[in-house]
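With this note's numbering applied, the sequence shown has no gaps in its numbers, which climb one by one up to 794 at the end.
Beta-carbon label-pair distances, calculated as ranges:
{"no.": "1", "residue 1": "Gly-782", "residue 2": "Glu-656", "range": "42 to 52 Å"}
{"no.": "2", "residue 1": "Arg-666", "residue 2": "Arg-779", "range": "21 to 31 Å"}
{"no.": "3", "residue 1": "Gly-755", "residue 2": "Gly-630", "range": "27 to 37 Å"}
{"no.": "4", "residue 1": "Ala-573", "residue 2": "Asp-781", "range": "52 to 62 Å"}
{"no.": "5", "residue 1": "Lys-771", "residue 2": "Phe-612", "range": "17 to 27 Å"}
These are computed hints drawn from the structure, not numbers from a lab.
It should be emphasised that the depicted structure is a prediction, and the values quoted were computed from it without experimental measurement.
C-beta: ideal position from N, C-alpha, C; glycine also.
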Amino acid sequence: MASLLFCLMLLPAPAALPDTAAPPPPLVRAISLDAAALSSDPTLLAADTLALVVESSREAFFKLSERGEVLAAGKLLPGTNSLRFTRPGLTAASQALFFVLDLLESEASAQKFLRVQVRVEGGPGNEPDRPAELSGSFRLDMYHSGRLCGYRKKSMVELLKLKTGPVTAVPDPGLSGSAIRDRPASQSVSVLGLGMALAKYLAGKKAAKRLKAFNEEAQKKSLALTVRRDGREFPVVIELKTE
Numbered sequence: 552m553a554s555l556l557f558c559l560m561l562l563p564a565p566a567a568l569p570d571t572a573a574p575p576p577p578l579v580r581a582i583s584l585d586a587a588a589l590s591s592d593p594t595l596l597a598a599d600t601l602a603l604v605v606e607s608s609r610e611a612f613f614k615l616s617e618r619g620e621v622l623a624a625g626k627l628l629p630g631t632n633s634l635r636f637t638r639p640g641l642t643a644a645s646q647a648l649f650f651v652l653d654l655l656e657s658e659a660s661a662q663k664f665l666r667v668q669v670r671v672e673g674g675p676g677n678e679p680d681r682p683a684e685l686s687g688s689f690r691l692d693m694y695h696s697g698r699l700c701g702y703r704k705k706s707m708v709e710l711l712k713l714k715t716g717p718v719t720a721v722p723d724p725g726l727s728g729s730a731i732r733d734r735p736a737s738q739s740v741s742v743l744g745l746g747m748a749l750a751k752y753l754a755g756k757k758a759a760k761r762l763k764a765f766n767e768e769a770q771k772k773s774l775a776l777t778v779r780r781d782g783r784e785f786p787v788v789i790e791l792k793t794e
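Please work from the sequences and hints to get the whole structure.
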């Protein structure tokens, strides 16, 4: 018995089991434009306010800044979070902006970088160049037997406003009432034709649903809106890239 205990004491200690626990998911899963809020409330961009959606895995404190200036701060909760901040001059002109999102959780910190590209067309200070107005005129002389009997003078603007006469459409005999009346009474729609029409209709609905989903996903990164400010309307495109 003593020898058995002595042998057991000489056995090496069992190796520690490797840590098989999965690493935690990233704190921030996604950051996107809040297309629904920006589209339903056009006064946000008019007031230089940008609305974002932050998908967070856990609770964390955040701070959004630009060149050291804090624009927003608060706490993220697990799930979908709305993050809105005002950046003066956001839609004043076309520009590229860089923001830093600092995150803090349980003494661990992380950073996300946001690049926002703003394209403004026709906004204050971005009025498009107007084309130069036409000037000058021309004169049409009328002669009879080699003698001038009259003339007419027109400006170049009036020349561009000349209109052509009405166009008369040629009826298609295949679509006329007589063609329908002459159709044999025994002619009917085939079952195969109905099946093909139904398949085409269902395929069209499926394609429309896919296109809608694609547009909604694309609007999370790029959104085109019309901003109204000082009694004027001008288009604005906002693009977001995260790192």
